[in-house]
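If you read the sequence shown in full-length UniProt numbering, its first letter stands for residue 1, the second for the next number, and so on.
In short, the hints are calculated from the structure, not lab data. We put the CB at the ideal spot given by N, CA and C, even for glycine. It is possible that part of the hints are untrue.
[Said to hold, decoys possible] Derived Cβ-Cβ restraints for the label pairs, each shown as a range:
| id | residue 1 | residue 2 | range |
| --- | --- | --- | --- |
| 1 | I62 | D166 | 41 to 47 Å |
| 2 | D64 | E178 | 37 to 43 Å |
| 3 | G46 | Q125 | 25 to 31 Å |
| 4 | P160 | M102 | 38 to 44 Å |
| 5 | P174 | G89 | 37 to 43 Å |
| 6 | D166 | T96 | 27 to 33 Å |
| 7 | G139 | A170 | 38 to 44 Å |
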Amino acid sequence: MTKNVMIVGVGGQGSLLASKLLGHLLLEQGYDVKVSEVHGMSQRGGSVVTYVRFGDAVYSPIIDRGEADFIVSFEKLEAARWMEYLKPGGRVIVNTQEIDPMPVITGAAQYPADLVEKMRALGAQVDDMDALSLAVQAGSPKAVNLVLMGRLSRYFEDIPEQAWQDAITACVPPKFLELNRKAFALGRAE
1 MTKNVMIVGV
11 GGQGSLLASK
21 LLGHLLLEQG
31 YDVKVSEVHG
41 MSQRGGSVVT
51 YVRFGDAVYS
61 PIIDRGEADF
71 IVSFEKLEAA
81 RWMEYLKPGG
91 RVIVNTQEID
101 PMPVITGAAQ
111 YPADLVEKMR
121 ALGAQVDDMD
131 ALSLAVQAGS
141 PKAVNLVLMG
151 RLSRYFEDIP
161 EQAWQDAITA
171 CVPPKFLELN
181 RKAFALGRAE
């Protein structure tokens, strides 16, 4: 059976490292894994999405509407934007940070209110957390990605924490290893 994880956010938030880490972890666990390229305006602060699919045999990296078991979102509006991809009973792990998109910055629109409540009203299991403050606590606001991966790891009960630590070691440059381990631990424990 194939499982589907969407990692969504805003360009520059570290979704590429998050998807690389998750793909590495799952390959090491013996799954067939397909990771899509990052789609979106990753260089300009625009919407970004990456698909990670894994199972016994995975033939396509693309996740269709209603197929995502998990949406891991670096920002609330991005979670809301991709909700139609969540399967019934699926889980959204969302950083409660708000990053204003261009229409809000220019004054043409307002940031939508009550997004977490609206996602819950759609039937999603929403795990919302202030990943930014945990990342800052770990040592850098750029560590939101590892905080969110730490939180996701709690839902992968059949994968031991050491396997996640090994994937972090394999994917993170040595000079940022301690910071990223700390961010992961804070996200996992929160």
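Quick rundown of the hints versus the structure:
In this structure, I62 and D166 break the distance hint of 41 to 47 Å, their C-beta atoms being roughly 28 Å apart. For D64 paired with E178, a C-beta distance near 39 Å keeps the hint of 37 to 43 Å intact. Between G46 and Q125 the beta carbons are some 27 Å apart, a value that agrees with the proposed interval 25 to 31 Å. At roughly 42 Å, the beta carbons of P160 and M102 sit within the given window of 38 to 44 Å.
A hinted range of 37 to 43 Å holds for the C-beta pair P174 and G89, which are about 40 Å apart. At roughly 30 Å, the beta-carbon separation of D166 and T96 lies within the given 27 to 33 Å, and the hint holds. For G139 and A170, the Cβ-Cβ distance of about 21 Å falls outside the hinted range of 38 to 44 Å, so the restraint is violated.
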